[in-house]
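J.: Please put together the full structure from these sequences, using the hints given.
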Amino acid sequence: MKKIMYILFILLMSMSVVACSTDNSKDVAPEEVSKESITIEHSAGTTVLDKPAERVVALEWIYGEDMLALGVQPVGMTDIEGYTTWMNSGDIKLDENVADLGVRGSANLEDIAALKPDLIVTADYYEYDYELLSAIAPTIVLTPYPGEGHPTGEYDHMISSIELMGKVLGLDDKAAEVIDNLEKAYAEANEILKDTDVDFDYIELIDFSTADTVSMYLYTDSSIHTTILEKIGFNNIYKPEKFELYGQTNINVENLVGLDKNTLFVVADEGADIFSKNLISENVLNGLDFYTNDKMYYLGANASPFGPLSTLTFVDTVVESVLSNE
Amino acid sequence: MSKKVLLGGLVALLIFSLIHINQGSVDVSVSTVIDAIFNYDNSVEHNVIRDLRLPRLVIGIIAGGALGISGALFQSLMRNPMASASTLGINAGSYFFVVLFSVFFPGFDSIPFFPALLGALGTAFVVMILGKGSSNPVKMTLAGVALSLVFSSMTSALQLLFENETKGLFLWGAGSLVQNSWRGINFSLPIVTICFLISLFIARKIDILELGDDVASSLGLNVNLFRYLGILIGVLSTSAIISVVGPIGFIGIVAPHIVKRLGIKKNSEILLSSFLVGSVVLVGADVLSRMFTGGSYELPVGAFTAIIGAPWLIYLAFKTSKNIGKSSYGLLIQTGKKRLPFISLVIILTIVIIATFILSLGNGGFDFFNSDTAEFVIAKIRLPRILTALLAGTVLAISGFLLQTVLNNTLADPSTLGVTPGAALGALFAIYFIPKTTSLTISISAFIGAIIASIIIFSISRKSKYNPTMLVLVGMAVTAICDAGLNIIIINTTVGKSASLVWLAGSTYGSNWNNVITLIIGIVILGPISWLICKDLDAIMLGEDVATAIGSDVLRVRVIASFIGILLAAIAVSTVGTVGFIGLLAPHMARFITGIKHRKNLVITALIGGLLLLVADFIGRVVIYPSEIPSGLVVSIMGAPYFLWLLYSTSKIKR
Chain A
1 MKKIMYILFI LLMSMSVVAC STDNSKDVAP EEVSKESITI EHSAGTTVLD
51 KPAERVVALE WIYGEDMLAL GVQPVGMTDI EGYTTWMNSG DIKLDENVAD
101 LGVRGSANLE DIAALKPDLI VTADYYEYDY ELLSAIAPTI VLTPYPGEGH
151 PTGEYDHMIS SIELMGKVLG LDDKAAEVID NLEKAYAEAN EILKDTDVDF
201 DYIELIDFST ADTVSMYLYT DSSIHTTILE KIGFNNIYKP EKFELYGQTN
251 INVENLVGLD KNTLFVVADE GADIFSKNLI SENVLNGLDF YTNDKMYYLG
301 ANASPFGPLS TLTFVDTVVE SVLSNE
Chain B
327 MSKKVLLGGL VALLIFSLIH INQGSVDVSV STVIDAIFNY DNSVEHNVIR
377 DLRLPRLVIG IIAGGALGIS GALFQSLMRN PMASASTLGI NAGSYFFVVL
427 FSVFFPGFDS IPFFPALLGA LGTAFVVMIL GKGSSNPVKM TLAGVALSLV
477 FSSMTSALQL LFENETKGLF LWGAGSLVQN SWRGINFSLP IVTICFLISL
527 FIARKIDILE LGDDVASSLG LNVNLFRYLG ILIGVLSTSA IISVVGPIGF
577 IGIVAPHIVK RLGIKKNSEI LLSSFLVGSV VLVGADVLSR MFTGGSYELP
627 VGAFTAIIGA PWLIYLAFKT SKNIGKSSYG LLIQTGKKRL PFISLVIILT
677 IVIIATFILS LGNGGFDFFN SDTAEFVIAK IRLPRILTAL LAGTVLAISG
727 FLLQTVLNNT LADPSTLGVT PGAALGALFA IYFIPKTTSL TISISAFIGA
777 IIASIIIFSI SRKSKYNPTM LVLVGMAVTA ICDAGLNIII INTTVGKSAS
827 LVWLAGSTYG SNWNNVITLI IGIVILGPIS WLICKDLDAI MLGEDVATAI
877 GSDVLRVRVI ASFIGILLAA IAVSTVGTVG FIGLLAPHMA RFITGIKHRK
927 NLVITALIGG LLLLVADFIG RVVIYPSEIP SGLVVSIMGA PYFLWLLYST
977 SKIKR
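Sequence lines, in order, name chains A and B.
For the first sequence, our numbering begins at 1 and goes up steadily by one.
For the second sequence, our numbering begins at 327 and goes up steadily by one.
The hints are simulated quantities; they were obtained by calculation from the structure and are not laboratory data.
Please read these numbers as outputs of a predicted model, since none were measured by experiment.
Watch out, some of these pointers could steer you wrong.
[Claimed, not checked] Output of the computed footprint for chain B on chain A, the stretches with three or more beta carbons under 8 Å from beta carbons of chain B:
| no. | stretch |
| --- | --- |
| 1 | 100-106 |
| 2 | 132-139 |
| 3 | 152-163 |
| 4 | 179-189 |
| 5 | 209-219 |
| 6 | 243-253 |
[Unchecked claim] Selected chain B positions facing chain A (in silico; Cβ < 8 Å):
| no. | residue |
| --- | --- |
| 7 | Y623 |
| 8 | V703 |
| 9 | I846 |
[Unchecked claim] BS3-like mimics (lysine-lysine), calculated; alpha carbons at most 27 Å apart, straight line:
| no. | chain 1 | residue 1 | chain 2 | residue 2 |
| --- | --- | --- | --- | --- |
| 10 | B | K586 | B | K329 |
| 11 | B | K493 | A | K242 |
| 12 | A | K277 | B | K329 |
| 13 | A | K174 | A | K116 |
| 14 | A | K184 | A | K231 |
| 15 | A | K295 | A | K261 |
| 16 | A | K194 | A | K174 |
| 17 | A | K239 | B | K493 |
| 18 | A | K231 | A | K277 |
Ideal Cβ placement from N, Cα and C applies to all residues, glycine included.
T.: Printed below as a string of structure tokens:
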């Protein structure tokens, strides 16, 4: 019997050795740096490209969108159907021959390898095996939600991802132009909105409710929604009690009381949202100021800004819905 | 006695209600609450109290009460002290049907009572059929737990494949009392009231029924009529509640037991007090859940009832296990009539595995034989993945085999014991709370979770000398607590939810050579030990007394075999996530074709387990290419029908 215990002990030890030995994630060795080479520091290490990338695989939508804004098509992207449904990137579309790599977070690794990309870009909340991806092609891992201590982290990530994609594609100037266009769009929107009598204090709500269950989230200050809206002159009055990494708080109807005196943006289609489903008591609804005084603006279920293109659409949608309500 | 209980219950309910109605993000004074009820002036505060808080309180009272009554009814009519909507699988069944309904009939604007009822009735019916053959309550409970497992894996399959359609159902699915109008109450109150009245009306008949069927018949009672009527009432009121507040567990277990502990014996009084105690517990749990959040966001109350109720179940199992004592529910074995010789079986299985292996290696996804990346794909992606599937299946099967034998229980498996849920909680903890998680830290965290869960399970059941029943019940309770933790974590995050769901469902996706090495080490070291202790397991099968007489140290063998079983399960979970069913199915199939010799069984079990996951991996990869169905879900969907048939066929055997 002692023998068995002994063997078990050895097993435990050997397993911990295996566990430890895999822990030394190798950074890409700094090779001979040629003149053209591009060095990128990112959350999984440092990646060096000899020349600008041409065949890029985007494992998160935003990086594909960055590329579209820069005028380049990725060779492969995840969940293209979902992208076209949920991300409104306007007239610039993905080519039909961009390979669909399956669900975000579990992209088809074999298909990625078959595309023979020269760069893979992904986000750190997906649990990809960095070494495996790096074996297929140089891989860059970015951090879309940098966490507490980065008050506008989500937005900053978008800007830095545009710069980064510009750098790896050798399109730095184009990237600067894209960012410039964003600033211009904010300034324009600001100008137009100034002349309206919209209430600039606002809250923004995303609605996942079904026919019988209420499920809604308010955007917090660290969300990209909030940063953009504040750039065009709005002021988010919702301050949650705890920090939300993903910039949204799950709330109930009562939480809206006290936040109802100003503008409400609803990320949902008008008529298919929680306020039109007979789920909330009439009396309570009529007690909500934005409901009775028509200060609600429907942005559509696919309004969320993600990359630069959907951000432009988002800004346009906000302006349009404010104007049409005048 | 019962008057004191009722009075105490009412006082407690009153106190909780007062706290409850004062909780929320809007500050209101007690006098405003009173004004809102008696002196209503259509102000915002008054409307919040009248139309949001009051409905939430009232639905809490109704739901807690209804769950309490249905628990009391199930327990006396099924003669099963552990029966309740959650332990019988009714909650899971009902939830599955509602999710199914909202996926395929999204525009249907009404409270999903009928899908909930359909699921609840169906599950109750199946559990009753499965539990009929034996008078042992544990068996019925286990069937319920197994059914829950089937339903919840099918539910998560739906959630994965229809992420957007089911997104809004997460909070409801974990049980939540949030009400936004009187709609839910207007709907459920009449049904619950009628059920309550009928149950009180037949309470005296139930008193007679409890004397035993024979006695009751001889007293002129229509036994079947009242039994099925009572159960129907329980199912009806449960479904009415589920369709409004979602599946809320454990109230149905806790309430009637508190009542019985207080010494109440007559069924009419048990029912009345169960209603009251159920309300007190549920409203109390909601008060607790909102204390955590300060009312500024929502946590599912169902998670809190589980955290309150699960320790109660453990206590209950502890009490019950003393009475069950040696009459442990042994292995019920279904064996085929014709048997092939062992060696030819091994050869056939090996050939099938090799053939499947080659098929799987060559197909699925893109046609890489014509591609110059073929070598890379084989060496780095597909081969390690297929090997992981094969080996993890083997490991899970051996784990299930050991646990089943040791516990003398055909329904034992890492997932029913709570080992896998512990691992899942560990992994999710790492995903959400450790910044910059890698797959390695997740694996380690999963491993730690499995070990902690097992230590809890085993140290609590140590006093009962690892009584099989005790172990499984404690496992059930630990599972509930882990699930509660999982729900709280998932509800509070929105991005990357589906990534965790994939992991929770169990997947061979992205397996690398490290997984293969871990699994091989596990098999190489633990496999032979398992082989060695098979002899002692044979002896234990003959009964503890016999085993002791021929010189086996029963306790020690049990401890070692369980330890190896858990270790294997943890290894499997840390590589492929929470793949269920293989540990249940493979040993059954092996027994079916080889009989009960443990060493032969071990080999065949291992081969079948490997084959099962290998096939599941292949199917999952091919069906919705370029996306994939997690292999854990494929296993559940393939395994569920076989498993139900198995439960049914063993239910007909009487020992």
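J.: Hint numbers the structure violates, sorted upward?
T.: 3, 4, 9, 12, 16, 18
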